[in-house]
Amino acid sequence: MAAKINIFDPPSSASSESDDGIDVGAEYLEILPDAEIDGDKHGNTFDTPTSPTTLPYCPRPPSAGSQKSPKCRRQRTTSLSHQSANKATTESVIRTTHRTIYTAGRPPWYNSEGQKVEPFVIGICGGSASGKTTVAEKIIESLGVTWVTLLSMDSFYRVLNQKQHEESHRNEYNFDHPDAFDFEILIETLKKLKEGRKVDVPIYNFVTHSRESRTKTMYGANVIIFEGILAFYNKEVREMLDMKIFVDTDADVRLARRLRRDISQRGRDLEGVLKQYTSMVQPSFNHYIAPLMVHADIIVPRGGENLVAIQLIVQHVHTQLQLRGLKIREELAQAHAFSGQPLPDTVKLLPTTPQIRGLHTFIRNKATTRDEFIFYSKRLIRLVIEYTLSLMKFNETIVETPQGVLYKGYIQSI
Numbered sequence: 001m002a003a004k005i006n007i008f009d010p011p012s013s014a015s016s017e018s019d020d021g022i023d024v025g026a027e028y029l030e031i032l033p034d035a036e037i038d039g040d041k042h043g044n045t046f047d048t049p050t051s052p053t054t055l056p057y058c059p060r061p062p063s064a065g066s067q068k069s070p071k072c073r074r075q076r077t078t079s080l081s082h083q084s085a086n087k088a089t090t091e092s093v094i095r096t097t098h099r100t101i102y103t104a105g106r107p108p109w110y111n112s113e114g115q116k117v118e119p120f121v122i123g124i125c126g127g128s129a130s131g132k133t134t135v136a137e138k139i140i141e142s143l144g145v146t147w148v149t150l151l152s153m154d155s156f157y158r159v160l161n162q163k164q165h166e167e168s169h170r171n172e173y174n175f176d177h178p179d180a181f182d183f184e185i186l187i188e189t190l191k192k193l194k195e196g197r198k199v200d201v202p203i204y205n206f207v208t209h210s211r212e213s214r215t216k217t218m219y220g221a222n223v224i225i226f227e228g229i230l231a232f233y234n235k236e237v238r239e240m241l242d243m244k245i246f247v248d249t250d251a252d253v254r255l256a257r258r259l260r261r262d263i264s265q266r267g268r269d270l271e272g273v274l275k276q277y278t279s280m281v282q283p284s285f286n287h288y289i290a291p292l293m294v295h296a297d298i299i300v301p302r303g304g305e306n307l308v309a310i311q312l313i314v315q316h317v318h319t320q321l322q323l324r325g326l327k328i329r330e331e332l333a334q335a336h337a338f339s340g341q342p343l344p345d346t347v348k349l350l351p352t353t354p355q356i357r358g359l360h361t362f363i364r365n366k367a368t369t370r371d372e373f374i375f376y377s378k379r380l381i382r383l384v385i386e387y388t389l390s391l392m393k394f395n396e397t398i399v400e401t402p403q404g405v406l407y408k409g410y411i412q413s414i
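In UniProt numbering, the protein residues as written are 1 to 414.
Just to be clear, a hint being listed does not mean it is correct.
[What the hints assert, rightly or not] Here are the simulated SDA-like cross-link-like pairs (lysine to any residue), alpha carbons at most 20 Å apart as the crow flies:
#1 Lys198 - Trp147
#2 Lys275 - Tyr173
#3 Lys378 - Thr388
#4 Lys191 - Asn234
#5 Lys393 - Phe375
#6 Lys235 - Pro178
Keep in mind that the hints were calculated from the coordinates and are not lab data.
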């Protein structure tokens, strides 16, 4: 089934190095098939409501002595207004007909032995407008992995000083030179993502040539894709990449894409685009970018049009994820469910109670509505978290409240 990719919430201006006019600095991607998906006849999609349970307004009569105000019974309501849907679109997701992919990342991941699992990091390098972003998106679409983080090198351009600002307005500042990037912040961000830690990725504004006050929040993921024109330039960055892909596209095609993008989308004139390309973009490609091809594990000619190369990449990534133990559910099921062997000490099962069985009955029933499923899933997750906290070690302690009352409780032991 054919599908198209819509990119939402772009920054105030697109990067000068985005491929095919696509800005990878967008908050999230959404893959929409030809058929309608969770929406109305106009194609508007609606996100999950925050909670199906709300407390409706209950008017209170005037106070009369000791008269008590009547209690209003809690009612479960459903809200699918377009306003609430827009508010919920801050979550970074890719939706297809069969799965949802979260591009903002996830917390640290562990295997069945309780050891932390590092994500698989893919680096994509290539010239300006070579199709790096298109290749990254096709890999994400074909992987079928729930947690994928897409990080663009365009987010790490340095803030320009006054002299450099003037040069950029005259199309005389070279954005394709290694000195144009802040590799220190880039390396720190990649390291944190590999550790599954939260990072605030800067958003670079190509109109003011400065970093905006807002940032993009990302976490680690099963797969991290890092793309940029100089993705292989820094040795420390190269050592963090598990797979290095170079997108090799003909220079005439790259120039045509850049002309179409800069003139139609950024309001630049033909003379200025050609001047920048001939004086800086193409020389920088020959001197800095093209030599990085020797570091590539895979060279992809024709970019996103090379579906055979993309499928080979996807197959290799799936193999690596299986070896790293990122598919822990399958591993536990194959190792213990049918073999009769006990579960490892690192795996704890929530005790089965009538309440748990009742929640599972609603969740597993295919006739359960969407809102009911979310409501009961949240209740089950709350019980799982409470049980998890009960497994942690606590020590008895006595604290004194501001009113001078002694209170006996527990504190987590270190």
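Structure-based check of each hint:
Distance hint between Lys198 and Trp147 is fulfilled; the C-alpha atoms sit about 14 Å from each other, no more than 20 Å. Our distance criterion of 20 Å between C-alpha atoms is met by Lys275 and Tyr173, whose separation comes to about 11 Å. For the proposed pair Lys378 and Thr388, the alpha carbon gap of about 15 Å is at most 20 Å, so the pair holds. Distance hint between Lys191 and Asn234 is fulfilled; the C-alpha atoms sit about 14 Å from each other, no more than 20 Å.
Restraint check: the Cα-Cα separation between Lys393 and Phe375 comes to about 30 Å, which exceeds 20 Å; the hinted pair is violated. Taking the CA atoms of Lys235 and Pro178, the gap is near 13 Å; set against the 20 Å cutoff, the hint holds.
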